[in-house]
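Undergrad: Read off the chains here:
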Amino acid sequence: MMRADGMWQRTRRRFLAETAALAGAATLGLDSHPAGATPASMQAAIRNVTGEAKLNKGKVKIDVPALIENGNAVPLTVSCESPMTQEDHVKTIHVFTEKNPQPNVVGVNLGPRAGRASVSTRIRLADTQKIVAVAQMSDGSFWSDEVEVIVTLAACLEGA
Amino acid sequence: MIAAAALFVTALFGAAVANAAEVPLAERKSGYEFMARETRAMQDDDTANPAMFSVLDGETLWQRKDGAVAKSCADCHDDARTSMKGVAARYPAFDAALGRPIDLEQRVNVCRAEKQQATPFAFESKELLALAAYIGNQSRGLPIDIADDERTRPFLQTGREMFIQRQGQLNLSCAQCHDDNWGQKLAGAPIPQGHPTGYPIYRLDWQTLGSLQRRLRNCLFGMRAVSYPYGASELVDLELYLMWRARGMPVETPAVRP
Amino acid sequence: MARALINVPAKAKRGEVIEIKTMISHTMETGFRPDSTGRPIPRDIISELVCKYNGEEIFRAELFPAIAANPFLTFFTVATESGTLGFEWTGDNGFSASESVNITVE
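Chains as they are written, first to last, in our numbering: chain A, 1 to 160; chain B, 161 to 418; chain C, 419 to 524.
Hints are computed from structural coordinates only; laboratory data are not their basis. Glycine included, C-beta positions come from ideal geometry on N, C-alpha and C. One or more of the hints may lead you astray.
[Said to hold, decoys possible] Distance ranges between label pairs, derived from CB positions: (1) A/Gly140 to C/Asn520: 34 to 42 Å; (2) A/Glu146 to B/Pro389: 29 to 37 Å; (3) A/Pro39 to B/Leu216: 38 to 46 Å; (4) B/Gly343 to C/Glu434: 24 to 32 Å.
Take these sequences, add in the hints, and give me the full structure.
TA: Following this line, the structure appears as structure tokens:
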């Protein structure tokens with residue numbers, strides 16, 4: 001790094017910035033940087049389900065802790081208001097994330113036999129991000145909810 | 161028992177080492193109490209706790225004939241629900257032949273080698289963890305009860321010294337976090353008191369079952385201190401001290417922890 | 419076969435909405451984790467769970483790598499008649515597992 005003063009300072013600053021970024025990425029456990037989901041790819045995944053149909057806000061509720069202890073197993077419940085009758089029920093529920101390596105999480109088929117439109121599972125979250133749930137009703141309409149969650153890490157990370 | 165233990169602490173450690181105050185017995189809390197409501201729910205429901213798969217595996221292994229003499233654990237120990245009740249709560253325990261305490265995983269391997277004439281299971285292997293989880297589960301709810309006598313005292317002392325010594329690049333001791341600053345936050349996560357009430361645990365960070373020794377090695381790594389290989393006497397001494405420090409607290413095996 | 423744990427009430431009243439809890443042992447390797455050389459470990463996940471009530475499908479789920487290890491899924495169904503609830507999991511590398519529980523509906 002033997003250069004004129006000006007060049008050395010810029011290079012050192014960049015080096016520090018890059019190291020900090022690497023350290024940051026390392027603490028997130030992302031040793032490689034796969035092309036992750038982005039808000040755009042999440043929108044594309046959602047459109048895959050809804051097509052050109054309008055996405056209404058409401059009727060769907062995502063239940064997830066606001067502050068996550070560990071992104072490896074996050075409890076998630078998605079429920080929809082619906083009488084779950086033959087004439088009026090939830091057909092499908094899909095869940096998406098914005099910053100995981102890929103945007104899909106789970107997709108379930110329900111129907112009047114479900115009795116209640118509520119599904120729970122445990123998911124992985126790579127980072128603090130948005131979760132979106134989309135439900136399709138028997139009349140073909142789409143409804144959604146979205147939440148922002150904060151993901152923390154264990155204080156002492158495992159080495160070997 | 162508690163009075164004797166208290167005397168032991170003051171007599172042995174009182175003046176000897178200038179150290180932080182231990183957590184008073186009445187103020188001890190399991191790591192369970194520092195977890196989110198949802199993580200606690202995972203531990204409370206045997207059909208939602210992934211560690212139960214290992215307990216079921218352990219139950220199968222208990223019946224499996226193995227080794228040169230083709231014997232199973234059950235052949236000598238019968239129904240684990242009776243014979244193993246309270247056993248894990250007493251471990252690590254002094255082994256007369258070896259002249260020092262050994263932990264439950266080591267005890268299982270001693271049995272495998274001597275009674276079954278089978279190859280000992282590797283540390284952290286699926287089988288060894290499953291048996292430790294199964295045997296530990298038979299003590300669930302029972303109070304931890306570590307022997308405190310002339311034989312175990314020197315090893316308790318070593319374990320305690322390891323707990324309070326500053327070490328590693330951060331010059332940090334276990335006690336500084338887990339005796340002095342439990343309940344405070346470190347990088348957003350609450351610091352528990354460090355009682356090994358539920359081992360082997362399903363740690364969300366590992367997404368699998370793991371032993372106390374694995375957790376201790378993690379901690380030492382996190383402190384940027386020299387770690388010890390699995391089965392090292394240093395780790396067993398520390399395990400012994402930690403279990404003694406948690407005396408009277410109920411066993412939770414298999415616990416879930418973040 | 420992988421171990422599965424099912425939690426369903428043994429008895430229910432006709433028309434009652436009951437909760438079904440399922441959990442199966444599986445690492446759910448995402449395909450994004452690097453090994454010690456830096457190469458991604460190949461994806462190996464359970465991708466589908468189907469539940470049938472006396473042979474009729476009442477629930478189907480498509481799972482992605484974002485589902486945590488040892489997939490845990492709970493859902494509801496209306497207790498219509500006594501019989502059997504059957505669960506089938508399928509996934510990568512020909513993974514297949516099944517479990518069934520009986521239910522008495524009065």
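Undergrad: Taking the hints in turn, state whether each one holds.
TA: Hint-by-hint comparison with the structure:
1. A/Gly140 to C/Asn520: 34 to 42 Å: With a Cβ separation near 37 Å, A/Gly140 and C/Asn520 satisfy 34 to 42 Å, so the hint holds.
2. A/Glu146 to B/Pro389: 29 to 37 Å: About 48 Å separates the Cβ atoms of A/Glu146 and B/Pro389, which means 29 to 37 Å is violated.
3. A/Pro39 to B/Leu216: 38 to 46 Å: At roughly 42 Å between Cβ atoms, B/Leu216 and A/Pro39 fall inside 38 to 46 Å, so the hint holds.
4. B/Gly343 to C/Glu434: 24 to 32 Å: 43 Å, violated
In summary, the numbered hints that this structure violates are 2 and 4.
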